[in-house]
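Asks: Each chain is listed here by its residues.
Protein chains: 2
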Amino acid sequence: MKKGILLVNLGTPESPTPEAVKKYLAEFLSDRRVINWPRSLWLPILHGIVLQVRPKKSAHAYKKIWREEGSPLWIYTKKQAELLQLRMPNTIVRFAMTYGRPGIQETIYEMKQAGMTELFVLPLYPQYSETTVAPICDQVGQVYKSAAEIPDIKISSSFYDHEGYLQLLANTIKRHLTEKSFDMILFSYHGIPVSTIERGDPYEEQCKITTQKVMERIGDHPYTHSYQSKFGPGQWLTPMTRETLKAFPSQNIKKVLVITPGFVADCLETIEEINEENRTYFMENGGEVFEYIQPFNESTEFTEILQSIIETK
Amino acid sequence: MKKGILLVNLGTPESPTPEAVKKYLAEFLSDRRVINWPRSLWLPILHGIVLQVRPKKSAHAYKKIWREEGSPLWIYTKKQAELLQLRMPNTIVRFAMTYGRPGIQETIYEMKQAGMTELFVLPLYPQYSETTVAPICDQVGQVYKSAAEIPDIKISSSFYDHEGYLQLLANTIKRHLTEKSFDMILFSYHGIPVSTIERGDPYEEQCKITTQKVMERIGDHPYTHSYQSKFGPGQWLTPMTRETLKAFPSQNIKKVLVITPGFVADCLETIEEINEENRTYFMENGGEVFEYIQPFNESTEFTEILQSIIETK
Numbered sequence: 036m037k038k039g040i041l042l043v044n045l046g047t048p049e050s051p052t053p054e055a056v057k058k059y060l061a062e063f064l065s066d067r068r069v070i071n072w073p074r075s076l077w078l079p080i081l082h083g084i085v086l087q088v089r090p091k092k093s094a095h096a097y098k099k100i101w102r103e104e105g106s107p108l109w110i111y112t113k114k115q116a117e118l119l120q121l122r123m124p125n126t127i128v129r130f131a132m133t134y135g136r137p138g139i140q141e142t143i144y145e146m147k148q149a150g151m152t153e154l155f156v157l158p159l160y161p162q163y164s165e166t167t168v169a170p171i172c173d174q175v176g177q178v179y180k181s182a183a184e185i186p187d188i189k190i191s192s193s194f195y196d197h198e199g200y201l202q203l204l205a206n207t208i209k210r211h212l213t214e215k216s217f218d219m220i221l222f223s224y225h226g227i228p229v230s231t232i233e234r235g236d237p238y239e240e241q242c243k244i245t246t247q248k249v250m251e252r253i254g255d256h257p258y259t260h261s262y263q264s265k266f267g268p269g270q271w272l273t274p275m276t277r278e279t280l281k282a283f284p285s286q287n288i289k290k291v292l293v294i295t296p297g298f299v300a301d302c303l304e305t306i307e308e309i310n311e312e313n314r315t316y317f318m319e320n321g322g323e324v325f326e327y328i329q330p331f332n333e334s335t336e337f338t339e340i341l342q343s344i345i346e347t348k
Numbered sequence: 036m037k038k039g040i041l042l043v044n045l046g047t048p049e050s051p052t053p054e055a056v057k058k059y060l061a062e063f064l065s066d067r068r069v070i071n072w073p074r075s076l077w078l079p080i081l082h083g084i085v086l087q088v089r090p091k092k093s094a095h096a097y098k099k100i101w102r103e104e105g106s107p108l109w110i111y112t113k114k115q116a117e118l119l120q121l122r123m124p125n126t127i128v129r130f131a132m133t134y135g136r137p138g139i140q141e142t143i144y145e146m147k148q149a150g151m152t153e154l155f156v157l158p159l160y161p162q163y164s165e166t167t168v169a170p171i172c173d174q175v176g177q178v179y180k181s182a183a184e185i186p187d188i189k190i191s192s193s194f195y196d197h198e199g200y201l202q203l204l205a206n207t208i209k210r211h212l213t214e215k216s217f218d219m220i221l222f223s224y225h226g227i228p229v230s231t232i233e234r235g236d237p238y239e240e241q242c243k244i245t246t247q248k249v250m251e252r253i254g255d256h257p258y259t260h261s262y263q264s265k266f267g268p269g270q271w272l273t274p275m276t277r278e279t280l281k282a283f284p285s286q287n288i289k290k291v292l293v294i295t296p297g298f299v300a301d302c303l304e305t306i307e308e309i310n311e312e313n314r315t316y317f318m319e320n321g322g323e324v325f326e327y328i329q330p331f332n333e334s335t336e337f338t339e340i341l342q343s344i345i346e347t348k
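Order-wise, the sequence lines are chains V and H.
Take 36 as the starting number for the first sequence in our numbering and just add one per residue.
Take 36 as the starting number for the second sequence in our numbering and just add one per residue.
Because the hints were derived from the structure by calculation, they are not lab data.
Do not take every clue at face value.
Chain copies aren't distinguished; within one or between two, either way the pair holds.
Here are the simulated DSSO-like cross-link-like pairs (lysine-lysine), alpha carbons at most 30 Å apart as the crow flies [claimed, not checked]: (1) K58 / K290; (2) K180 / K58; (3) K37 / K248; (4) K98 / K243; (5) K348 / K114; (6) K248 / K147; (7) K180 / K265; (8) K38 / K147; (9) K290 / K147; (10) K180 / K38; (11) K113 / K290; (12) K99 / K147; (13) K91 / K114; (14) K348 / K38; (15) K98 / K348; (16) K147 / K92; (17) K243 / K38; (18) K37 / K243; (19) K281 / K209; (20) K243 / K180; (21) K180 / K98; (22) K243 / K209; (23) K113 / K243; (24) K92 / K37; (25) K37 / K180; (26) K243 / K147; (27) K289 / K37.
Based on the provided sequences and hints, a complete structural model is requested.
Replies: Okay, here's the thing in structure tokens:
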């Protein structure tokens, strides 16, 4: 038996150009799991409006965060796969992206070529959402729908209450609290539409449990919980991170420690949206200290957690 | 977390009548994983010929093996689920049939209602074949294709080389060898078309490994390996159990011990095909002793093995 471990994250355009971003967004935003509107309504909007306007704006943002080796999300996901491979030498560790390259299907084929007889799929989203984890399951299902040979398959749906994950978040926060004092800890998670929650998505509940369990490990300190990255019309989860941060200074909350437990690798939403855009909103409204805790990125402590999830699930 | 364990076997008609058998066979034989021919060719044959002739014949056979509570396969699968539930009280153990009732999809919904947050699917086929295990994966995939919430999912593809399974087979054979002497041990597995093997099905290889590893645990004794239950035209795996048994007496093999390691519960193929039909072929051709080792059925040693598979996979 040769175990294959596939780490999966959302994806990234191949370069920070409007053309590459358009290609990436077209794939991402065509997924029914992501945008659940009737196709006849959504596809004209997507192709006629969204993909005409947004790629340029997004490419501009991607350009700001792009590094020599590529997009941060891609770099750190790759790095985590490499670190995990070192810790688990008898397995075949690979990474893939739900949208863009390397794709889930091509990576699974490649793992099979490499001798894999058992597949563990680990979506790199601590909290489950239909909009992120389910598309991965769909694609894994697609691979095996027409395959004659199916290996043992495991798909992890979430790790929002994994002991190691919670403890690592808590330890990181505690380190910051020892060095400096803050009026508030803000837990910011990627938002999703309220309609998705109403269809049965456990995402909001899992985010709340993560925040609560991390705070249990920290003890008595003011904290709050919000959602970022709203896209399109319709109601999304509230309170919104942006509004929360804008309002803080007027509530005499001027020193804030921000953490984004839903992201395990830096990306547009953390570097650009939180640490630039939202920092600016806060400071412009009278904030004094805005300290942002980076995702785990290439932390080897996180590699250990990944290994523990794989070994205990 | 509440783990759900779903044992799955092939299925059985709801009663031993031609109508019930027709309904069951129509479902079973319409599956592309089972009969891989072009639909335009196969469906007219299925509905025009097979389902006109076979249900009557099959119902007759089912009548012979039917018990008060139902079909043996159904009875023993249910019993194993109950025994496993007793051993694993903190889980939700259920059983389902790929074809017929209770169905995989309805059972998974019911497990979700019962609070399941983690699903382990254990097909009750020790050896993987696209014709048996893959339809289960297809149906599990179907459940989650349109579901908002997806739990942790594990699907076991086979347990043909599981230590406990091999040892239990070997122990049972050894017990028979101590009591009586045989000229030959015959391992008979359900056959599949050669074309399925050519498409990449590892079934034949896994059957061979099971036989070999059981024999390693038994030591020096004549044995052979064959395939039963051929259906329809086309080349199937050989040698065929029927031909093997017919030829034995002329090769001076008159006392035979038969085991069917691919079946974990008694069914038409074991009770009627092996222990009646094939026994008759052997005896009519000059055989003297035909001893058949029943499948595990309601053995609690097998329950332990199921638990070990679940806990170690």
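Asks: At 30 Å max between alpha carbons, let me know whether K113 reaches K290 within a copy, between copies, both or neither.
Replies: Result: close neither inside a copy nor across copies, 34 Å intra and 61 Å inter.
Asks: At most 30 Å between C-alpha atoms: does K180 with K265 qualify within a copy, between copies, both, or neither?
Replies: Answer is between; shortest inter-copy Cα gap is 25 Å, intra-copy 34 Å.
Asks: At most 30 Å between CA atoms: does that hold for K113 and K243 within a copy, between copies, both, or neither?
Replies: Within one copy, since 29 Å is at most 30 Å while 39 Å is not.
Asks: Quick one: K98 to K348, C-alpha cut-off 30 Å, is that within a copy, between copies, both, or neither?
Replies: Neither: 38 Å inside a copy, 44 Å across copies.
Asks: Can you tell me if K98 and K243 fall within 30 Å by alpha carbon in one copy, between copies, both or neither?
Replies: Classified as neither: same-chain Cα gap 33 Å, cross-chain 57 Å, threshold 30 Å.
Asks: If the cutoff is 30 Å on CA atoms, where do K348 and K38 land: within, between, both or neither? Let me know, please.
Replies: both (14 Å within a copy, 11 Å between copies)
Asks: Quick one: K243 to K147, C-alpha cut-off 30 Å, is that within a copy, between copies, both, or neither?
Replies: Only across copies: K243 and K147 sit 22 Å apart there, 38 Å inside one copy, limit 30 Å.
Asks: Indicate which option fits the pair K281, K209 if close means a Cα-Cα distance not exceeding 30 Å: within, between, both or neither.
Replies: For K281 and K209, the Cα distance is within 30 Å only inside one copy (25 Å; across copies 77 Å).
Asks: Up to 30 Å between alpha-carbons, please classify K180 paired with K38: within, between, both or neither.
Replies: both (20 Å within a copy, 25 Å between copies)
Asks: When Cα atoms must be at most 30 Å apart, do K289 and K37 count as within-copy, between-copy, both, or neither?
Replies: For K289 and K37, the Cα distance exceeds 30 Å both inside one copy (53 Å) and across copies (43 Å).
Asks: Please work out whether the CA atoms of K348 and K114 approach to 30 Å or closer within one copy, between two copies, in both situations, or in neither?
Replies: So K348 and K114 pass the 30 Å test inside a copy (23 Å) and across (27 Å) alike.
Asks: Between the shortest in-copy and the shortest cross-copy C-alpha distance, which are at most 30 Å for K290 and K147: within, between, both, or neither?
Replies: neither (51 Å within a copy, 44 Å between copies)
In this structure, the hints that do not hold are numbers 1, 4, 9, 11, 12, 15, 16, 21, 24, 27, in rising order.
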